[in-house]
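Asks: Chain by chain, the residues:
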Amino acid sequence: MTAGRLIFDLAAAAAIVFSGLMVVGRNPVRSVLSLVVAFFALAVCFVLLLAPFIAALQVIVYAGAILVLFLFVLMLLNVGREVPDKNVRPIQRVLGSAAVLVFAGLLLGMFRHSGSHVPAAADPVDPAMLGDPAALARLLYSDYLLHFEAVSVLLLAALVGAFVLARREHAS
Amino acid sequence: MIGAIPLSDVLLVSGALFSIGIAGALLRRNAIQIFLSIELMMNAANLALIGYGAALGTREGQIVVFFVIAIAAAEAAVGLAIFVALFRHTETIDVNESNLLKW
Numbered sequence: 001m002t003a004g005r006l007i008f009d010l011a012a013a014a015a016i017v018f019s020g021l022m023v024v025g026r027n028p029v030r031s032v033l034s035l036v037v038a039f040f041a042l043a044v045c046f047v048l049l050l051a052p053f054i055a056a057l058q059v060i061v062y063a064g065a066i067l068v069l070f071l072f073v074l075m076l077l078n079v080g081r082e083v084p085d086k087n088v089r090p091i092q093r094v095l096g097s098a099a100v101l102v103f104a105g106l107l108l109g110m111f112r113h114s115g116s117h118v119p120a121a122a123d124p125v126d127p128a129m130l131g132d133p134a135a136l137a138r139l140l141y142s143d144y145l146l147h148f149e150a151v152s153v154l155l156l157a158a159l160v161g162a163f164v165l166a167r168r169e170h171a172s
Numbered sequence: 001m002i003g004a005i006p007l008s009d010v011l012l013v014s015g016a017l018f019s020i021g022i023a024g025a026l027l028r029r030n031a032i033q034i035f036l037s038i039e040l041m042m043n044a045a046n047l048a049l050i051g052y053g054a055a056l057g058t059r060e061g062q063i064v065v066f067f068v069i070a071i072a073a074a075e076a077a078v079g080l081a082i083f084v085a086l087f088r089h090t091e092t093i094d095v096n097e098s099n100l101l102k103w
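Here the protein sequences come in this chain order: A and B.
Each residue of the first sequence is one higher than the one before, counting from 1 in the numbering used here.
Each residue of the second sequence is one higher than the one before, counting from 1 in the numbering used here.
Hints may contain errors.
[Unchecked claim] Computed beta-carbon distance windows for the label pairs:
1. A:Asp143 / B:Pro6: 45 to 55 Å
2. B:Asn99 / A:Arg5: 19 to 29 Å
3. B:Glu91 / A:Ser152: 35 to 45 Å
4. A:Pro90 / B:Thr92: 17 to 27 Å
5. B:Ser98 / A:Ser116: 41 to 51 Å
6. B:Leu101 / A:Leu145: 19 to 29 Å
7. B:Asn96 / A:Tyr141: 25 to 35 Å
8. B:Thr92 / A:Arg93: 13 to 23 Å
Hint data in this document are derived by calculation from the structure and do not stem from the laboratory.
For every residue, glycine included, the Cβ atom is placed at its ideal position computed from N, Cα and C.
Could you put the whole structure together from the sequences, leaning on the hints where they help?
Replies: Here it is, written out as structure tokens:
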């Protein structure tokens, strides 16, 4: 077992454990913080899978910006811990859990078979250069330029939409 | 560098994370925690994409993940704005209480 393999296993285990804590916890602030740790562990996995640029994006954008936005909104709304609700019928929980178990079984069964035979790419890139930011940027601004511009328009639309939605209405 | 992680292991982790995200989205009632579970599912998909990219030796997986992260940022901004508006309106973000459009 190589060192990289060991680190990947540890990081993957940490990601799974902290995402489990995120789902189980009743305190939303703790959930967000658990997810930050899980995303950091996933960034470690990304580095080991030869994608250091994406790992940096994961830390800066996901853990740094998106989850901090979540924390900010949680603090703004002052959401307390979830109280047990008497209106929830037990059948909902049972059916929900059963659906999750069936889904997990199907997904893992499917992945178990699809991971073993990978078709070879036409012209595989040298593994050392796979996550090279310059090469990624060249690809992004040539072959994927249209998609890139579409995403920039989407971000602008989201900005305007968020502003309109969260604005306080003076008229009423 | 190290590139010796088998694809099946990556997919196993990805599937486990996605299933945890599904469990959170289906079983929690706090809208923010449901939203966090959706973010987790997106990250599980990102892990599968990067795992396939590394196994195939192509950069397209990383490009797709780049777009997923950008769209997740847009989604988080709009989603949280909706929660703020909902909280102003109903004083709660429990999804069971928000049944105005149900009937």
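Asks: Now look at each hint and say whether the structure bears it out.
Replies: Outcome of the hint check:
1. In this structure the supplied range 45 to 55 Å is violated for Asp143 of chain A paired with Pro6 of chain B, their Cβ-Cβ distance being about 29 Å.
2. Distance hint for Asn99 of chain B and Arg5 of chain A: a CB-CB separation of about 49 Å, inconsistent with the stated range 19 to 29 Å.
3. For Glu91 of chain B and Ser152 of chain A, the Cβ-Cβ distance of about 36 Å falls inside the hinted range of 35 to 45 Å, so the restraint holds.
4. Range check, Pro90 of chain A to Thr92 of chain B: about 22 Å between beta-carbon atoms, so the 17 to 27 Å window is met.
5. Between Ser98 of chain B and Ser116 of chain A the beta carbon distance is about 45 Å. The supplied range of 41 to 51 Å therefore holds.
6. Taking the beta carbon of each, Leu101 of chain B and Leu145 of chain A are about 39 Å apart, not inside 19 to 29 Å as hinted.
7. Here the CB-CB span from Asn96 of chain B to Tyr141 of chain A is close to 46 Å, at odds with the stated 25 to 35 Å.
8. For Thr92 of chain B and Arg93 of chain A, the Cβ-Cβ distance of about 20 Å falls inside the hinted range of 13 to 23 Å, so the restraint holds.
Consistency note: the structure conflicts with the earlier hints numbered 1, 2, 6 and 7.
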